[in-house]
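Got chain A; can you put chain B on it based on the hints?
Protein chains: 2
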Amino acid sequence: MISRAQVKEIRELASSKGREAAGLYLAEGDKIVREWLGSKTRIRYLAATEEWLQTNGVLAEQHPEATILPARPEDLERISTQKNPNGAVVIAEIPAPAAELPRNTWCLALDTIQDPGNLGTIIRNADWFGVQHIICSPGTADAWNPKVVAAAMGGHLRVQLHRSELPVFLRSCGTPVLAASLKGQDIREAISYTAATLIIGNESKGISPEVAACASVLVRIPGRGAAESLNAAVASGILLSMLVPG
Amino acid sequence: MISRAQVKEIRELASSKGREAAGLYLAEGDKIVREWLGSKTRIRYLAATEEWLQTNGVLAEQHPEATILPARPEDLERISTQKNPNGAVVIAEIPAPAAELPRNTWCLALDTIQDPGNLGTIIRNADWFGVQHIICSPGTADAWNPKVVAAAMGGHLRVQLHRSELPVFLRSCGTPVLAASLKGQDIREAISYTAATLIIGNESKGISPEVAACASVLVRIPGRGAAESLNAAVASGILLSMLVPG
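Taken in order, these protein sequences are the chains called A and B. The letter at position 211 of the first sequence is residue 211 when you use our numbering, and the numbering goes up by one with no holes. Adding 1000 to a residue's 1-based position in the second sequence gives its number in our numbering.
Hints are supplied without guarantee of correctness; some may be wrong.
Dumping the calculated DSS-like pairs for lysine-lysine here, alpha-carbon to alpha-carbon at most 27 Å [what the hints assert, rightly or not]:
#: 1; chain 1: B; residue 1: Lys1147; chain 2: A; residue 2: Lys205
#: 2; chain 1: B; residue 1: Lys1031; chain 2: A; residue 2: Lys183
#: 3; chain 1: B; residue 1: Lys1147; chain 2: A; residue 2: Lys31
#: 4; chain 1: A; residue 1: Lys205; chain 2: B; residue 2: Lys1031
#: 5; chain 1: A; residue 1: Lys83; chain 2: B; residue 2: Lys1205
#: 6; chain 1: A; residue 1: Lys31; chain 2: B; residue 2: Lys1205
#: 7; chain 1: B; residue 1: Lys1083; chain 2: A; residue 2: Lys147
#: 8; chain 1: B; residue 1: Lys1017; chain 2: A; residue 2: Lys83
#: 9; chain 1: B; residue 1: Lys1083; chain 2: A; residue 2: Lys17
#: 10; chain 1: A; residue 1: Lys147; chain 2: A; residue 2: Lys8
#: 11; chain 1: B; residue 1: Lys1183; chain 2: A; residue 2: Lys147
#: 12; chain 1: A; residue 1: Lys83; chain 2: B; residue 2: Lys1083
#: 13; chain 1: A; residue 1: Lys205; chain 2: B; residue 2: Lys1017
#: 14; chain 1: B; residue 1: Lys1183; chain 2: A; residue 2: Lys31
#: 15; chain 1: A; residue 1: Lys147; chain 2: B; residue 2: Lys1147
#: 16; chain 1: B; residue 1: Lys1040; chain 2: A; residue 2: Lys83
Hints in this document: simulated from the structure, not taken from any laboratory.
Bound-form chain A, shown alone (with noise of 0.2 Å):
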């Protein structure tokens, strides 16, 4: 079973601060979990009621590294940051960062992207187009958050998140950085790319004056109606669908 020290080791995984400290993130519910175990990724503890372990427990097999911890389900609520974690909560390690930022292939560069929401579904969207690296700004959302684990959809597994100053990023990163303007380029008419990087801009600011500055092709996402702006997550999957090579 799981013990009280345990349950206080990872209750204080749902900060970034207890995160940072342990190295460890939650990845919480039954898909997600599912798809965790299916990964190479390196996994400290399963925390799972005996109804799922029964079920899915073989799964846990290919992570001999793993402490398998059954719980009961008032137990799983207590360390998870989910209403219903459904079944099954796992605690992943952070990957250790890159030695180096990316080069010559295709990138996000998020500009203070706040809400982990937005965060969690642009790293969905570099998944789905196949783009494999994001760099953070140091005021990007905590990509480790639960929150952003949950909007990814697996997404962490497969694109590699770094953290840096953009300007620093973007003026080595060896490709056309490419952002959203209004004075852009109509994206319908835009080309595709074997290798760039896009910026996204922060949800309420858009892109700060100094990373804008190292931008070499802007392009323009029409809109006929009349609304203020679009979502910056739908933005950068309408970017991406037609700048990244299908």
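For chain B alone, coordinates are given in the frame of chain A:
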């Protein structure tokens, strides 16, 4: 000042039942409230701090039908569904349903969209691309939920929201009916439509068979990555960006 009875009346609007009974909904936060006051929508109450009213109260002059309720910040927090309502909350009238469903015009048909954030973002997308009608299936989330209103960023003021069984609507809408399908045509090669109806399916189950049977054109968002699917609001944005004339 705001009375206890008014606090109680407004708090009931947090639930779908309460909104239906009263025919009212909440629009919360400084930016949203200023947008609502700038519109012609009928407003029952404007609840705001004295400080907010001093700066913005003049906006309420366009709304002689509204009762102004000066509120202490703690009262505002009690009536708001947001942690920080940012000075002001509006209680507005839910528009009466249109006598007839739209015909021969651009529409979105939502087949059991369950997440309020997704629904709000889809309304925002429609607002951006100038799609003026959304038809919600009976199983779709309540469009007047405060989370939907927040995510739509003003879309409720411009996009007309209808409720209908979708097969009934789709058989009489008078336009081509489009749906996303893995077997469809690459969306990047699709034509744009002066009028069409686009079906958006449920977050996990997609489009139900009886609704899918009404589709006349299938389109596909190509992805070369490993993700299982895109978020429903992102997918709707990508499809609209290609299908609605700019």
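| request: Run the structure past the numbered hints and jot down the numbers of the failing ones, going up. | output: 11, 13 and 16
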